[in-house]
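Enquirer: My request is simple: use the sequences and hints to build the entire structure.
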Amino acid sequence: MNDIAAKLFRVIGNNAVQTAEDLVVALSQAVLLDQGFRLNNSNSGESAATQWSSPGLPQSLCSLYMVLPGGSTSTAELKWVSVGHAVVLLFFAPNNNESIRSVELKTSSIVSEASQFPLQAQNASELAGILRQGFLARNAWDVVAAAIRTRILAEISNNIFNEHRGDNRRDDAGAQTQQHPELLGDRLLHERSREQRPDTSVGGNDLDPFGSMREGDGGGMVVGPDHPMFRRGYAPESPSGDGPQRLPAGAVPPGARFDPISPFGDRPGPVRPSGGRGPGAGGRGFFSGEPDPDNMGPPNSSWNYYI
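Using UniProt numbering, the first residue of the sequence shown is number 1, and each one after it goes up by one.
Don't take every hint at face value.
SDA-like, lysine to any residue: derived pairs with alpha carbons at most 25 Å apart [said to hold, decoys possible]:
1. Lys106 with Thr150
2. Lys7 with Ser53
3. Lys79 with Leu153
4. Lys7 with Ser108
5. Lys106 with Gln120
6. Lys106 with Gln116
7. Lys79 with Gly13
8. Lys7 with Ile148
9. Lys7 with Gln122
10. Lys106 with Leu61
11. Lys106 with Gln35
12. Lys7 with Pro58
13. Lys7 with Gly134
14. Lys106 with Arg138
15. Lys7 with Asp34
16. Lys7 with Gln116
17. Lys7 with Leu68
18. Lys79 with Asn40
19. Lys7 with Phe37
20. Lys79 with Ala140
21. Lys106 with Phe92
22. Lys7 with Arg38
23. Lys7 with Val103
24. Lys7 with Pro118
25. Lys79 with Ser99
26. Lys79 with Glu155
27. Lys7 with Arg149
28. Lys106 with Arg151
29. Lys7 with Leu33
30. Lys106 with Ile148
31. Lys106 with Val143
It should be emphasised that the hints constitute simulated quantities derived from the structure, not laboratory data.
Expert: See the structure below:
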């Protein structure tokens, strides 16, 4: 109770509290001050703590201004009115989508019905002794704090977070614009680099399934008879590598070990009858790249043919 009395005395000082509704107003102001907000009597910045006086609810009303956090100079307007058996706190912030938030504080849940008014104390210790006599309900502070936190403080936090997030998005967008001022130019540069890519760059666009379908591209996963590695007309000798002579120039780096599944292009050597063993076999001419069927055993395998 001493802690609550100290926070409440920070608001009312040694001024008299005339009614139970005024005590609800003072307690809610103490909660806002405890949350770090600054309350003013007007936009001029005159502190409410030094000029507080009992507003005279329920006949009258109380109007204050609350400075919003985050280094902002904008203020929110607060009004306390008495409606029935409750005190209603109205909250309006200019940047809050022009909506008014309300907090209903039931007087009987905060102030004891047996309390005698006016309430006045010269210091926080004397005020604590008076409150122990049953002026406030046992959980009065928690009731007011929970209502204000749910209806007002959460809304303020969301607005501040959205403003900061919007500023960060604008900063990120500006940074991306500076890094990439001409996206169309980058795209054209990329297309030109693709046009200048040699046909031997097999695997250059393996992540693009249809990379090999474009003219002059050697990547992709779709391999057909028109793929660059099956084209004819390459020189029999590779001037830039030591690989097999039947591969196109530059296909194998110098000194690399390379054992292809089957030769590409024209098949060298003597003519071997196909015997109907599939499209990969045959005489000289264009070779599709498909391997011969394995329907014959390896050389000198008669001794282990049935193993």
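Enquirer: For the pair supplied as a hint, Lys7 and Arg38, confirm whether the alpha-carbon distance does not exceed 25 Å.
Expert: holds, 14 Å
Enquirer: Does Lys79 pair with Glu155 here, judged by a C-alpha cut-off of 25 Å?
Expert: Holds - the C-alpha atoms of Glu155 and Lys79 are around 17 Å apart, at most 25 Å.
Enquirer: For the pair supplied as a hint, Lys79 and Gly13, is the alpha-carbon distance within the 25 Å limit?
Expert: holds, 21 Å
Enquirer: Would the pair Lys7 and Asp34 pass a check requiring their Cα atoms to be no farther apart than 25 Å?
Expert: holds, 7 Å
Enquirer: Tell me if the straight-line CA distance from Lys106 to Gln116 falls inside 25 Å.
Expert: Holds, at roughly 18 Å.
Enquirer: Take the C-alpha atoms of Lys7 and Arg149, compute the straight-line distance between them, and say whether it is at most 25 Å.
Expert: holds, 17 Å
Enquirer: Is the straight-line distance between the alpha-carbon of Lys7 and that of Pro118 25 Å or less?
Expert: The hint holds at about 19 Å.
Enquirer: Given the hinted pair Lys106 and Thr150, is their alpha-carbon gap at most 25 Å?
Expert: holds, 15 Å
Enquirer: Is the Cα-Cα distance between Lys106 and Arg151 25 Å or less?
Expert: Roughly 15 Å separates the two Cα atoms, so the pair holds.
Enquirer: Has the given pair, Lys7 with Ser108, been kept, meaning a C-alpha gap of at most 25 Å?
Expert: At roughly 21 Å apart (the allowed maximum being 25 Å), Ser108 and Lys7 satisfy the hint.
Enquirer: Taken at face value, is the distance from the CA of Ser99 to the CA of Lys79 at most 25 Å?
Expert: With Cα atoms ~14 Å apart, Lys79 and Ser99 stay inside 25 Å; holds.
Enquirer: Quick one, are Lys106 and Gln35 close enough, alpha carbons at most 25 Å?
Expert: Judged against 25 Å, a Cα distance of about 21 Å means the pair holds.
Checked against the numbered hints given earlier, this structure breaks none of them.
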